[in-house]
Structures are given as structure tokens and as C-alpha cells.
Amino acid sequence: MKVLFLSSEISPFFRDTEQGDTCEYLTKALKYQGHDVRVIAPRNKGYGMGKHALREIARLKSLDVKIKEAEYQCSVKSGFLPGSRAQVYFIEYPELYNRKEIYENPETGKPWEDNLLRFSFLNHAALQLLMHLQWLPDIIHCLDWRMSLLPYLINYHDEYKFHFESTRTVVQL
Numbered sequence: 035m036k037v038l039f040l041s042s043e044i045s046p047f048f049r050d051t052e053q054g055d056t057c058e059y060l061t062k063a064l065k066y067q068g069h070d071v072r073v074i075a076p077r078n079k080g081y082g083m084g085k086h087a088l089r090e091i092a093r094l095k096s097l098d099v100k101i102k103e104a105e106y107q108c109s110v111k112s113g114f115l116p117g118s119r120a121q122v123y124f125i126e127y128p129e130l131y132n133r134k135e136i137y138e139n140p141e142t143g144k145p146w147e148d149n150l151l152r153f154s155f156l157n158h159a160a161l162q163l164l165m166h167l168q169w170l171p172d173i174i175h176c177l178d179w180r181m182s183l184l185p186y187l188i189n190y191h192d193e194y195k196f197h198f199e200s201t202r203t204v205v206q207l
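Residue numbering for the sequence shown follows my numbering, starting at 35 and increasing by one per position.
Some clues are possibly wrong.
As the list claims (entries may be wrong) - Pairs of lysine to any residue, SDA-like flavour, derived with a Cα cap of 20 Å: (1) Lys65 / Asp50; (2) Lys100 / His166; (3) Lys79 / Ser112; (4) Lys195 / Leu207; (5) Lys62 / Ser154; (6) Lys79 / Asp50; (7) Lys144 / Glu129; (8) Lys79 / Ser154.
Because the hints were derived from the structure by calculation, they are not lab data.
Make the full structure from the sequences, and use the hints.
What follows is the structure in C-alpha cells.
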């Protein structure tokens with residue numbers, strides 16, 4: 035079975051809450067059972083290229099992400115989850131993710147003002163990356179409410195509906 039985890043954090047790369055641990059442990063457990071498991075997460079400031087052996091993928095140096103009429107360009111880095119051979123793709127878009135804190139601005143103690151865009155972008159980027167890779171999972175496991183736009187997109191957005199018609203989704207809150 036092909037399973038994708040979509041998460042805003044994954045241990046040991048970057049952990050802000052227990053969600054990072056959940057993503058790591060579930061990914062390793064399913065990989066150990068022989069499933070083709072991958073993870074997509076944003077590349078936050080804490081992800082080091084050298085520390086965890088992330089690498090650039092030539093065909094993913096520039097990935098176009100369309101959200102309604104707006105078009106963005108991001109890049110994707112890749113690595114393996116330590117202790118397993120599960121591939122992790124990191125969406126790199128510094129304007130949205132080059133922050134040490136994922137959810138809140140440490141100066142104000144309030145959520146980042148652009149969180150709606152940040153997490154909408156991640157949901158769209160994940161689907162467009164999967165289409166670009168031509169790797170369509172059987173199940174997409176969305177960790178946390180921030181990833182819950184994805185099921186809506188694959189069921190009601192014409193650009194994704196056709197590609198993911200056989201994909202099932204799970205949202206874990």
C-alpha cells in the first residue's frame with residue numbers, strides 16, 4: 035500500500051508538538067510493515083541540510099504551485115527518515131516557512147498572520163508535488179487540522195479530482 039503523511043512537522047527534523055513524534059512513529063511503523071510510505075512537510079528554519087543529509091532534486095528545484103489565480107514557485111528538498119528508508123519531501127518556500135516557530139510568532143505570542151496562506155499553500159503544494167512525481171498514494175493521512183484542506187481539494191477541485199479519484203484520506207486531529 036502507498037501511504038502519504040502530510041504534516042507541518044516531523045521528528046527528528048523539526049518538532050514543535052507531539053504531532054512531529056506521531057508523524058515519525060507512524061511512518062516508521064508502516065514502513066517496517068513493508069508499505070511504501072512517504073512524508074511531505076514544510077522546510078522550516080530548523081531543518082538543516084547537512085545535519086540530516088537533505089538533498090536537492092534536480093527536477094524539483096522549481097515547482098509551480100497554483101492557488102486560484104495566484105502562482106508561486108517553490109523548491110523541494112528530500113531526505114530519509116532516520117531509522118527507516120521512508121522518503122521525506124520538504125517544501126521550501128522561505129517567505130512562508132523560514133521561521134523557527136511553526137504556529138505562533140514568538141514576539142506576539144499569537145498565530146502568524148499569514149497562517150491561512152502558509153497551510154493552504156502546503157496542501158496545494160503537496161498535491162502538485164505528487165502529480166509531478168506521478169506517485170499517487172492509496173491513502174493520504176493528514177496530521178492536524180492545518181492539513182484538512184487536502185481532502186476537500188481532492189474531492190471538489192477539478193485540477194485534483196481526476197488524479198486522486200482512487201485516493202482515500204484520513205484527517206487526524
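Status of the hints after comparison with the structure:
Pair hint Lys65 plus Asp50 does not hold up; C-alpha atoms about 23 Å apart against a cutoff of 20 Å. The straight-line distance between the Cα atoms of Lys100 and His166 is roughly 13 Å, inside the 20 Å bound, and the hint therefore holds. The straight-line distance between the Cα atoms of Lys79 and Ser112 is roughly 15 Å, inside the 20 Å bound, and the hint therefore holds. For the given pair, Lys195 sits about 24 Å from Leu207 by alpha-carbon distance, which is inconsistent with the 20 Å threshold.
Distance restraint check for Lys62 and Ser154: the Cα-Cα separation of roughly 26 Å exceeds the 20 Å cut-off, and the hinted pair is therefore not satisfied. The straight-line distance between the Cα atoms of Lys79 and Asp50 is roughly 12 Å, inside the 20 Å bound, and the hint therefore holds. At most 20 Å may separate the alpha-carbon atoms for a hinted pair to count; Lys144 and Glu129 meet this at roughly 18 Å. The straight-line distance between the Cα atoms of Lys79 and Ser154 is roughly 19 Å, inside the 20 Å bound, and the hint therefore holds.
In terms of the numbered hints stated before, the structure departs from hints 1, 4 and 5, listed from lowest to highest.
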